[in-house]
Amino acid sequence: MMRRILSRLANPQLLALVGVLLINWLLFPNFFRITWQDGRLFGSLIDVLNRGAPVAILAIGMAGVIATKGVDLSVGAIMAVAGAVAATLVVAGYPAPVAVAAALAVGLLCGLWNGFLVAVLDIQPIIATLVLMVAGRGIAQLITEGFIVTFTDPVLIFIGTGSFLGLPMAAVIALVLMILVTLLVRRTAIGLFIEAVGVNRAAASLAGIRSRMLLFLVYGLSGLCAAVAGIIVAGDIRGADANNAGLWLELDAILAVVIGGTSLLGGRFSVPLAVVGALIIQAMNTGILVSGFPPEFNLIVKAGLIFLVLIIQSPLATRIVPVRVPASEARK
Amino acid sequence: MPDEEFALEARGIIKIFGNHVALDNVNFGLRAGEVHALLGENGAGKSTLIKILTGAYQPTTGQVLADGVPVALDNPQQAQKYGIGTVYQEVNLLPNRSVAENLFLGHQPTRFGFVDRRKMERDSREVLKRYGLDLDPSSELGTHSVAVQQIVAIARAVELSGKVLILDEPTASLDRNEVERLFEIIRDLKARGLAIVFITHFLDQVFAVSDRVTILRNGKLIETRDLTGTTRTDVVRLMLGKDVAFSGATGVEDARPMGEVLLDFRNYGKKRSVHPFNLTIHKGEVIGVAGLLGSGRTEMARIMFGADAADEGTLDVSGKKATIARPTDAIAKGFGFCPEDRKAEGIFGDLSVRENIVIALQGKLGWFSALNRDEQLEIAGRFGESMDIRAASLDMPIKLLSGGNQQKVILSRWLATDPAFLILDEPTRGIDVGAHAEIVRTINRLRDEGLALVVISSELDEVVAYSTRIVVMRDREMVAELSGENINPGVIVQAIANHREGPAA
Amino acid sequence: QDISGKVIGFSQIGSESGWRAAETSVTRQQAEERGVDLKFADAQQKQENQIKAIRGFIAQGVDAILVAPVVATGWDDVLAEAKEAEIPVVLLDRGVDAPEDLYLTSVASDQIEEGRVAGQWLVDDVAGADCNVVELQGTVGSTPAINRKQGFEEAIAGASNIKITQSQTGDFTRAKGKEVMEAFLKSSNNGADICAVYAHNDDMAVGAIQAIKDAGLKPGTDIKVVSIDAVPDIFTAIAAGEANATVELTPNMAGPAFDALAAFWADGTEPEKFIITDSKLYTAADDPQGEYDRRKDLGY
Amino acid sequence: MSRSLRPLVATAVIFAIAYALAVMQFPSMFSTRVLGNFLTDNAFLGITAVGMTFVILSGGIDLSVGAVIGFTGVLIAVLISWAGWHPLAAFTMALAVAAAFGGIMGLAIHYLQVPAFIVTLAGMFLARGGASVITRDSVPVNHEFYTWISELIIRLPGGGRLSFIGLLMVAIFILGALVAHRTKFGSYVYALGGNPVSASLMGVPVAQTTVLVYMLSSILAALAGIVFSLYTSAGYPLAAVGVELDAISAVVIGGTLLTGGYGFVLGTFIGVMLLGLVQTYIIFDGTLSSWWTKIVIGALLFLFIVLQRLIFAASAKGEKAS
Ligand SMILES: Nc1ncnc2c1ncn2[C@@H]1O[C@H](COP(=O)(O)OP(=O)(O)OP(=O)(O)O)[C@@H](O)[C@H]1O
Ligand SMILES: Nc1ncnc2c1ncn2[C@@H]1O[C@H](COP(=O)(O)OP(=O)(O)OP(=O)(O)O)[C@@H](O)[C@H]1O
Ligand SMILES: [Mg+2]
Ligand SMILES: [Mg+2]
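Top to bottom, those sequences are chains A, B, C and D.
So our numbering is basically just the index in the first sequence, starting at one, shifted up by 250.
So our numbering is basically just the index in the second sequence, starting at one, shifted up by 868.
So our numbering is basically just the index in the third sequence, starting at one, shifted up by 88.
So our numbering is basically just the index in the fourth sequence, starting at one, shifted up by 71.
Since the hints were derived computationally from the structure, they do not count as laboratory data.
Each hint can be trusted.
Covered, in the sense of this in silico footprint (three residues per stretch, anywhere, with C-beta under 8 angstroms from a C-beta of chain D), are these stretches of chain B:
hint, region
1, 937–950
2, 975–982
Some chain D residues well away from chain B (every beta-carbon gap over 12 angstroms; in silico):
hint, residue
3, Trp153
4, Gly155
5, Val204
6, Thr218
7, Leu223
8, Leu233
9, Gly313
10, Tyr352
11, Phe355
12, Trp363
Calculated pairs, SDA-like style, for lysine to any residue (alpha carbon to alpha carbon, straight line, at most 25 angstroms):
hint, chain 1, residue 1, chain 2, residue 2
13, C, Lys171, D, Tyr217
14, C, Lys134, A, Leu392
15, C, Lys134, D, Phe235
Using N, Cα and C, we set each Cβ at its ideal position, and we do this for glycine too.
Can you make the complete structure from the sequences, with help from the hints?
Structure representation (structure tokens):
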């Protein structure tokens, strides 16, 4: 048992995360300093959790999509739509729970639309979700009519900036979602079916798996996760910024999932490792910010990190240093 | 004969996958102008040895020599340079490209640096004619049947082989005529001095064309010997390391008491696919399906299982009307289906053996009553044992298993669902003698346990051995139903060949 | 000076910020007031789309073209084409690096001046006291980011007491502004070492204000906030004492443009080549609540 | 008709119908001016899309092309305006750098066995970042060579112009089609997209082909960058953001399967023209607000894909019946 836990901790993703954090610490000695302030924890490490949460939440949904050999480019736009819906509703005087529920429902609907294109019309996922990626942001702007819809609703603001047991609410939500989704896919047969569909859809259908329903489920879940992230981001800045909310975050989410060891060719996937992937990306972003790096170098550092993580993970490296195959270990 | 010069030779080959030794110090020499059969059970390491000889894999240790000179074969391309042409075990061509391009890929005739398509297609037509195929070389390979694809693969390998031709189970999806034609070509090439490696599980074919035989067992070289003066029993004994009686060939048995009617297909069919057919299947019955390649057997099986939905006729299951529009409907009624194309429709390559076994059962149980890992292991372990699945671990990806073991896994997958009716499409294709006998035994056992089975097979001896009735397909139409005395190869061949006036239904 | 019935094409950059949305809606308003048939094309932040739009307008035979150029360079060919087709072109809110005879006039603010006004305010406000400034830049490489940085640096060049200690890009967005400010606070002794934040636009400033509050400090007092654009939300913050100053960039660039066109068509009056809009400074002394009310319906 | 030709025909038919409808509403859309603009304005996208077609045919994807266009533009501008190089020398340099860049991505994809999506995403960050490190400004290019090229136009009756870059795009499409459909390299690309394992066992030089495909894509992206620099007479690090998505859309609308192995270079040409048509239509309409523009583009994208599906499905049925 103990050994299993230990060997699970010794996977490349966690090692990479630790590596990035250590580099941050070298560049910025106060990186690990955490203080207690106004009933919440405060420090760069907490920022990593807080700022990493939206991408982590996107990655939770994206992992399932990628495991079915798909990809969801629309999540950034769905974030904007969900934020816009929630913000306009509270501004129009609806109670926050209604606004949140409506935003989640809209996100789910967007996801199901993607599922419909992929599962029923059989359109390739990149293109199917590209439709909503382009149109979604327009829909969000249509809802906000181009304004940044600022609100003062305490519930929405709490979702974005509050804290629970000293931890940022966004991180808590991400954690809870991660656990729920992991349980959903691993305690039921859904995870196995997702992988089966991703590996061989023809065989899956002959083995009696309803792959269409499953695709609806994963894209729906991805849309729902995007909506959660969208509400958080809106709550964080107390406003729905339809132009910029979630802009290009789909790429970060895909990256997180891939860093988490899920192949873009479908098959084995791990939700918790996708979250770790998101944290790696955020740890690096935060590191650049606190260490005072000139902004022109941000992208280059990011590219370097991707290569590093991928080289660590590549079959070539596993041949030299035998590390555990991450995905199979992540399974219960 | 240590210093004999071989056209192609493998010396002291060891190949280790992870911690599994697939080949253990194997020596293998090929003389020019011989047909050399490479035999062994499923998983013995035949395909692995071939892949090393052709540069697809690198040996862990050991050497490959061409004409006595050590050569480094880093990829299949280099092997082609040495005049080695290969048909790998699974059909490994490009379904998205034209037949002509599949034949000539990498060696296309060119004019002014551009591929000369017209010449390529003309040449293709000629090459294919030698195999009795008359088809449009510019058509997509994927639109043709597996058999045609297999022939194209063979033709390609023959075209490429200046010196050595390697055939890894080339006959698995060929019918008799095509096999005969292949043998003619093999004899012809042999006369021209080519060295030919021939892997098959059909011992008849081994004795029909081969000069020498090398036998592998569990990755070890057992023996290489001349085939003259060797009997089948010798070969089987060497392969298995023990004597076995081939339990299938029971011949005509007394009519068995039939169970009650399980399925009743009435005018069942699908337009443009399978003519409406009538078939009643009882519990405890094996219906053999015979027919030429492309006669529509697979299509019939798919319609029965709902993989393609029937659009006419009715079906009664246990006396009650039933509609089967998709596989889940069929599975709910207790059907199971082992498809013909294992790789494309059967296995989940990256998933473990365990998951491959439990997946259909889990599909039947639905999303929310998941089998936990222990239950999965128990089920997989049970079938692993009873079906004698050879895998280093139940948690290894199934794609690493040999073909025969993969087939056993798929069979186990359906047995785990406790089916009432099983459709097996070519269940013994590409399977060694031992596994073959085992599958035939399993079919008999299942029948005795009261299952109903439909088994499609191109091997008449085999069909005759276990069927209680045989239906014959021709041109996508069920043309005959044979039972009792009529279950013998002679009558079946007649039924397949005859036009219209086949033996009475 | 009636220009009603004229067809005028407007190639807008996009709708990447509230300010730009306001510019679009003000332009539409102005067009409607004057009875102009406005053809609007959104370029989604891409120069190539703007060039396409201008070519499209030419092919359609519009009477005049307004362009808010996304970058300064690369307009020679397409403007020459418009000139050849005898269609006057007016540049809005940014200039271009092209021969001046290729366009009728340019209505724009002076972005360097905006940065200078903001910097001068800070110089005056701290009045000689030491002040470490953190800077939230706009999108890396964008013209306003470069110019506003340059203007600010020019203004504080003379004041050795004012230093920019950290500078990062906040991409002109609230979310990034907040995230970057959080990091600045962490690396400046929880904000104790920061005296002021200079944001290249108000949106980032709004984000930064929230970050400062989250860190337990008082924006506007503990850390001064100065930014550019004068969008409604910053006036709310100024009114609440959470922001100190903003420099106005008016969204009404189209009004002067239409006026110039009207005069040009009426009697061929060549307008001034550069019509510079005001870069007015607003602080708590300028009735922030009133400014907010005046702007809140402009489509920011 | 061969099965794989069908999506191509479908796209062509859709384009013809869509164009006809647009002309009915705005007769001035049928003019040599608009047709000439189609070529000139989409030249860089078209050239990029040719490279993308090869990449997608081989079963990969290249997200770095937009960034390579931006990087190339900056590199050229800096070499010409700051270092005083002759434009042709700068072009050669840019193409060489791009070739190396694409080659390295290809090597990483093949030898590290990392999905192309991720490697080229890293490539995109690298190229975009590299461009901003060289300069943050938009650097103008003022060289008589540029003026000379921009004056190389064939004037058509009715105010239309065939520009050098527009014709260059057409030439690249023709060359691309020849390479894809008539050379061994082309057949290797299709083979790779069909099934890389089979391809390798059939003796396709997989490593070499992969590297060459990404090299080709980067080189063509750099050529597109050169065209872009001629088009705008400047280099700007943020130029051509998101062009990769336009290129992918064009390729897919043109009937090439993203899974690889099926498709035509000519289809991509029609795909590019279709995207151009949509944009031109929206400009001519001139009433759409920013958000409606996005929504309409998304809806049209959806419409084209679905129409193509329907035509494809209908003709597939027709075949079985015969
Ligand atoms: N890439 C691989 N990784 C790990 N193990 C492998 C790999 N390829 C083959 N093996 C294992 O090596 C052994 C030999 O396999 P091989 O395919 O050579 O058998 P074979 O004799 O051709 O069997 P069959 O008659 O069923 O085709 C098997 O146990 C198989 O599981
Ligand atoms: N619409 C059609 N037109 C012409 N031929 C067709 C059509 N549909 C199917 N076929 C051919 O009919 C044959 C029926 O295939 P099927 O796989 O059912 O036969 P089979 O007897 O199982 O043969 P095999 O042993 O090769 O699997 C195939 O060879 C296929 O090419
Ligand atoms: Mg084998
Ligand atoms: Mg069959």
